[in-house]
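Asker: Chains as they are written, first to last, in this note's numbering: chain A, 3 to 143; chain B, 3 to 143.
No lab work stands behind these hints: they were computed from the structure. There could be a bad hint or two in this list.
Copies of one chain are not kept apart here, so a pair can be met inside one copy or by any two copies together.
Here are the simulated DSBU-like pairs of lysine-lysine, each with C-alpha atoms no more than 30 Å apart in a straight line [unchecked claim]:
hint: 1; residue 1: K135; residue 2: K7
hint: 2; residue 1: K30; residue 2: K95
hint: 3; residue 1: K35; residue 2: K95
hint: 4; residue 1: K95; residue 2: K135
hint: 5; residue 1: K135; residue 2: K35
hint: 6; residue 1: K7; residue 2: K35
2 protein chains.
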Amino acid sequence: MALPKTPALTVDCVICDAQGRVLLIRRKNEPFKGAFALPGGFVDLGETVEAGCRREVREETGLEVRDLRLIGVYSDPARDPRGHTVSAAFLAKLPAAANPTAGDDAASAEWVGDWRAHPLAFDHAQILEDAEKILHAGAGA
Amino acid sequence: MALPKTPALTVDCVICDAQGRVLLIRRKNEPFKGAFALPGGFVDLGETVEAGCRREVREETGLEVRDLRLIGVYSDPARDPRGHTVSAAFLAKLPAAANPTAGDDAASAEWVGDWRAHPLAFDHAQILEDAEKILHAGAGA
Numbered sequence: 003m004a005l006p007k008t009p010a011l012t013v014d015c016v017i018c019d020a021q022g023r024v025l026l027i028r029r030k031n032e033p034f035k036g037a038f039a040l041p042g043g044f045v046d047l048g049e050t051v052e053a054g055c056r057r058e059v060r061e062e063t064g065l066e067v068r069d070l071r072l073i074g075v076y077s078d079p080a081r082d083p084r085g086h087t088v089s090a091a092f093l094a095k096l097p098a099a100a101n102p103t104a105g106d107d108a109a110s111a112e113w114v115g116d117w118r119a120h121p122l123a124f125d126h127a128q129i130l131e132d133a134e135k136i137l138h139a140g141a142g143a
Numbered sequence: 003m004a005l006p007k008t009p010a011l012t013v014d015c016v017i018c019d020a021q022g023r024v025l026l027i028r029r030k031n032e033p034f035k036g037a038f039a040l041p042g043g044f045v046d047l048g049e050t051v052e053a054g055c056r057r058e059v060r061e062e063t064g065l066e067v068r069d070l071r072l073i074g075v076y077s078d079p080a081r082d083p084r085g086h087t088v089s090a091a092f093l094a095k096l097p098a099a100a101n102p103t104a105g106d107d108a109a110s111a112e113w114v115g116d117w118r119a120h121p122l123a124f125d126h127a128q129i130l131e132d133a134e135k136i137l138h139a140g141a142g143a
């Protein structure tokens with residue numbers, strides 16, 4: 003039985019250190035070539051979204067993330083100029099000493115203190131805003 | 003630019019009334035024909051997951067759900083015998099007076115008091131367990 007055609011499934015990962023910096027990549031390819039973005043990419047057939055998220059982070063930053071917390075599902079049909087993609091976005095924490103090494107689709111990978119100072123690819127600024135709400139809710143509880 | 007092939011995207015909806023009953027359908031088609039299931043289905047290209055969830059609930063139960071709360075993303079490659087599907091599952095509330103009318107893929111639609119007494123399609127028992135955790139966390143807060 004063939005499955006119907008649906009939006010393409012992606013994952014994105016907000017990785018924070020204890021100082022509130024986030025790990026961003028610079029995109030090597032279009033769309034948004036050269037812009038900062040969250041590590042992430044397309045989910046492979048046969049892998050869970052969590053496994054896809056860990057794989058993409060590993061490929062683009064060389065780092066391993068463990069506990070993933072779901073931030074949300076981002077599905078605006080206009081969010082990706084290539085076509086309709088839907089992203090499951092996760093939150094992870096790493097120590098500030100974690101030293102990224104850019105790979106795969108990432109031209110660079112670095113800890114960024116003030117992500118609001120930069121234009122971000124896709125709807126990644128919205129994902130980061132939502133991640134901060136979760137972090138702040140946790141800190142205030 | 004063609005997008006890569008990824009798992010097919012679906013939505014499922016846990017709809018509760020104030021008495022803790024849940025709105026389930028009986029599946030008209032395989033897989034799990036005749037079993038109870040959450041209302042849901044495949045996301046169309048060009049619609050958000052929230053719009054897809056409301057549409058599937060409308061088609062299968064005749065009811066309109068408004069506020070949707072994300073329960074989780076379910077992506078085990080073995081969760082659907084047709085192939086790899088990934089479901090964004092949402093929680094909604096309706097008054098007990100809401101009277102469902104089965105349609106589309108649903109042979110029936112009814113409020114069920116003890117869903118644990120029935121075998122459920124796919125991983126819908128797990129989704130219901132997770133929804134109850136959210137509901138109980140909210141009640142205890």
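Asker: Determine for every hint whether it applies to the structure shown.
Answerer: Status of the hints after comparison with the structure:
Proximity of K135 to K7 under the C-alpha cut-off of 30 Å is found in neither arrangement, the shortest distances being 34 Å within a copy and 32 Å between copies. In this assembly of identical chains, K30 and K95 lie within 30 Å of each other by CA distance solely inside one copy; the values are 24 Å within and 44 Å between copies. Taking CA atoms no more than 30 Å apart as the test, K35 paired with K95 passes inside one copy only; the shortest distance there is 26 Å, against 43 Å between copies. In this homomeric assembly, K95 and K135 come within 30 Å of each other (Cα to Cα) both inside a single copy, at 15 Å, and across copies, at 24 Å.
In this homomeric assembly, K135 and K35 come within 30 Å of each other (Cα to Cα) only inside a single copy, at 28 Å, whereas the closest approach across copies is 42 Å. Taking CA atoms no more than 30 Å apart as the test, K7 paired with K35 passes in both settings, with 28 Å inside one copy and 22 Å between copies.
Of the hints listed earlier, the one the structure fails to meet is number 1.
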